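Q: Quick note, the sequences are listed as chains Z and U, same order.
Going by numbering that gives the first Met the number 0, the first residue of the first sequence is number 0, and it counts up by one from there.
Going by numbering that gives the first Met the number 0, the first residue of the second sequence is number 0, and it counts up by one from there.
By construction, these hints were calculated from the structure, which means they are not laboratory data.
Quantities reported herein were computed from a predicted structural model and do not represent experimental measurements.
A hint or two may mislead.
Claimed, not checked - Only pairs whose alpha carbons sit at most 25 Å apart, straight line, appear in this in silico DMTMM-like list of lysine to aspartate or glutamate:
| hint | chain 1 | residue 1 | chain 2 | residue 2 |
| --- | --- | --- | --- | --- |
| 1 | Z | K16 | U | D217 |
| 2 | Z | K16 | Z | D136 |
| 3 | Z | K235 | U | D224 |
| 4 | Z | K232 | U | D169 |
Claimed, not checked - Incomplete in silico selection of chain Z near chain U, CB under 10 Å:
| hint | residue |
| --- | --- |
| 5 | A5 |
| 6 | G10 |
| 7 | V13 |
| 8 | V14 |
| 9 | D156 |
| 10 | T158 |
| 11 | M160 |
| 12 | V163 |
| 13 | I164 |
| 14 | A250 |
| 15 | I269 |
Glycine included, C-beta positions come from ideal geometry on N, C-alpha and C.
Spelled out from the first residue to the last, the chains are:
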Amino acid sequence: MDTTLAVSEGGINVVLKKAIALAHTSSHDTATWGPFFASYTASVALAGGTATLENAPANKLDLAGVNVSGAITGSIGFDLGLILPHICIPPVRVCIDLGWFGEFCTPQFCITWPHADITLSLPFAFNLDVSFGFRVDDLGSQWGIVLLIDPFSPRFDLTPMGPVIIAAIQAEVTSKLSGIPGIGPLLADLINTVIGAFTGVVSLVIGAFGALINAVLSLLDLLNVSIPFTLLKFDKQQTFIPANVPLGGDAPVNLTLAALTANVLDHELIAEGQLA
Amino acid sequence: MALTLGHHVFAGLHEDAVNKLLRAYQAARPKYFFYACPPLGAGTPSIDFWILPPLPVPGTNSGIPFSVRILRARVDFVPADAGLALPAPLALGANQFAVLLTIEVCFMCGLLIEIPVPRETERNKEGRQPAPRHDERPHIECARLSIWAVGHPISTSNSHGGRDIGLRVDHIVVKDVGALEPLFECYFETMLNSLLDALRYPVERFALGAFGSLGLVDGPRIADDQLKVWADIF
Numbered sequence: 000m001d002t003t004l005a006v007s008e009g010g011i012n013v014v015l016k017k018a019i020a021l022a023h024t025s026s027h028d029t030a031t032w033g034p035f036f037a038s039y040t041a042s043v044a045l046a047g048g049t050a051t052l053e054n055a056p057a058n059k060l061d062l063a064g065v066n067v068s069g070a071i072t073g074s075i076g077f078d079l080g081l082i083l084p085h086i087c088i089p090p091v092r093v094c095i096d097l098g099w100f101g102e103f104c105t106p107q108f109c110i111t112w113p114h115a116d117i118t119l120s121l122p123f124a125f126n127l128d129v130s131f132g133f134r135v136d137d138l139g140s141q142w143g144i145v146l147l148i149d150p151f152s153p154r155f156d157l158t159p160m161g162p163v164i165i166a167a168i169q170a171e172v173t174s175k176l177s178g179i180p181g182i183g184p185l186l187a188d189l190i191n192t193v194i195g196a197f198t199g200v201v202s203l204v205i206g207a208f209g210a211l212i213n214a215v216l217s218l219l220d221l222l223n224v225s226i227p228f229t230l231l232k233f234d235k236q237q238t239f240i241p242a243n244v245p246l247g248g249d250a251p252v253n254l255t256l257a258a259l260t261a262n263v264l265d266h267e268l269i270a271e272g273q274l275a
Numbered sequence: 000m001a002l003t004l005g006h007h008v009f010a011g012l013h014e015d016a017v018n019k020l021l022r023a024y025q026a027a028r029p030k031y032f033f034y035a036c037p038p039l040g041a042g043t044p045s046i047d048f049w050i051l052p053p054l055p056v057p058g059t060n061s062g063i064p065f066s067v068r069i070l071r072a073r074v075d076f077v078p079a080d081a082g083l084a085l086p087a088p089l090a091l092g093a094n095q096f097a098v099l100l101t102i103e104v105c106f107m108c109g110l111l112i113e114i115p116v117p118r119e120t121e122r123n124k125e126g127r128q129p130a131p132r133h134d135e136r137p138h139i140e141c142a143r144l145s146i147w148a149v150g151h152p153i154s155t156s157n158s159h160g161g162r163d164i165g166l167r168v169d170h171i172v173v174k175d176v177g178a179l180e181p182l183f184e185c186y187f188e189t190m191l192n193s194l195l196d197a198l199r200y201p202v203e204r205f206a207l208g209a210f211g212s213l214g215l216v217d218g219p220r221i222a223d224d225q226l227k228v229w230a231d232i233f
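With the hints as extra help, turn the sequences into a complete structure.
A: In structure tokens, the structure reads:
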């Protein structure tokens, strides 16, 4: 081969560190579970990680210990009227027919349940290990050594978010109901009713948050399973001596990088090129 | 064995690539391979050939047109190719390259071109022979010379804040020119090093797009038929 370029694991880590520092994005979603409606955004950023190279024939780049951190922000709203029973005080209204004087009914006050919502700000962090294969792609005017990520399933546990959300809902419901006169003795039961309703869907809520985090991760260039990540690019037309060097009017001296291969040997990424 | 030797990046340019570069250089910039005094030059002056003044003829205020043309140039990095036979005392050692040249030197006999001499007074010109009459039909006499040289790689700072890598001739041998050998060796070593200076390559350029910022930390060195450099990514 005419040219040989080797990049050590240390060099690969420097290149990837720059890519990882740029890897941050967010996405938004909405969902409804019975009376509960959520509007939420997941934002993630990558940091750290260590790359190691697996020799041919594996030809792999393993990236371990990438820190994924971010937050779920947004709100969960719910109409208490869809959760709590219809309550009137007294529960029964008594009416007496007074003949030609008309009808007399005892007074009754029925509660109109308010709408409630809570604001979410739920941080999360976990580590991610991923593996990539190498491929040389024709990018038009350039050759690209690209990384093809192996299918991966991030392991993270968002269940600690459940009690936090429940506590926030409990505080909000308590606040809303405490201002309604005449239901003091019923307050604890009413709150339990709301919490009971939410507990039935909390796993679905957390599952939706997890799905959005996965979706956001796949939006990152480095972790996209559909679009290869270009690690290194080389111009097909290599200008060995620029124009006007050493004298004004001197034409550039170009050679064409006609072919490029990439393999891992001795834990180095070896790119070999053929000039024409 | 790892190529990077503890650095981030290793780059090696094989001697075949350098010879391709020489051919590309000759195609893009033919004047660096052809130096001629008109009318010996062919093509467009300053593009196809480098304009030389006539070679002064002692006893006249004129010169004879002459040209120097590199017909063939080939570089061989250590270890030497099987067919390489360097004339004594040349030998290809560690971290060295050999270059083989075929050069054609031509004179246009029978044609003299007046050379203006700066600040020469009319009085000083007295006694100097005018250019002979052109009663001889101009004709071209050429000689081909085989030149062998050995040298080593160099690295110098460039105007872009990076490093240029290049080659420099240390010893040269011109054979079959008799007593003129040391004169020709002096002349062609100077010419060859001037040409090699124009061939210096900014080492950061090859990987510039790939790595963003790269600094030469070791090399250039010649071994295994390659010109080798090592760099770190910043």
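Q: Now look at each hint and say whether the structure bears it out.
A: Status of each hint after checking the structure:
Only pairs whose Cα atoms come within 25 Å are accepted, and Z/K16 paired with U/D217 is accepted, the gap being roughly 24 Å. At roughly 22 Å between alpha-carbon atoms, Z/K16 and Z/D136 fall within 25 Å of each other, so this suggested pair holds. Straight-line distance between C-alpha atoms of Z/K235 and U/D224 comes to about 23 Å, which keeps the hinted pair within the 25 Å bound. Distance check on the hinted pair: Z/K232 and U/D169 sit about 37 Å apart at the alpha-carbon level, beyond 25 Å; violated.
Hint on Z/A5 holds. Least Cβ distance to chain U is approximately 4 Å, under the 10 Å limit. The criterion of a C-beta within 10 Å of any C-beta in chain U is met by Z/G10, whose closest approach is roughly 3 Å, and the hint holds. For the restraint placing Z/V13 at the interface with chain U, the shortest Cβ-Cβ distance is roughly 5 Å, inside the 10 Å limit, so the hint holds. Restraint check, Z/V14 versus chain U: the minimum CB separation of about 7 Å is within 10 Å; hint holds.
At its closest, the beta carbon of Z/D156 sits 37 Å from a beta carbon of chain U; the interface hint therefore is violated under the 10 Å criterion. With 10 Å as the threshold, the beta carbon of Z/T158 stays out of range of chain U, its nearest partner Cβ sitting at about 42 Å, so the hint is violated. Given the 10 Å rule on beta carbons, the hint for Z/M160 is violated: about 39 Å separates it from the nearest Cβ of chain U. Because the smallest distance between the Cβ of Z/V163 and any Cβ of chain U comes to about 42 Å, over 10 Å, the interface hint for this residue is violated.
With its C-beta approaching chain U no nearer than about 44 Å, Z/I164 sits outside the 10 Å limit, and its interface hint is violated. This hint holds: Z/A250 has a C-beta 5 Å from the nearest C-beta of chain U, less than the 10 Å allowed. Because the beta carbon of Z/I269 sits about 7 Å from the nearest beta carbon in chain U, less than 10 Å, this interface hint is met.
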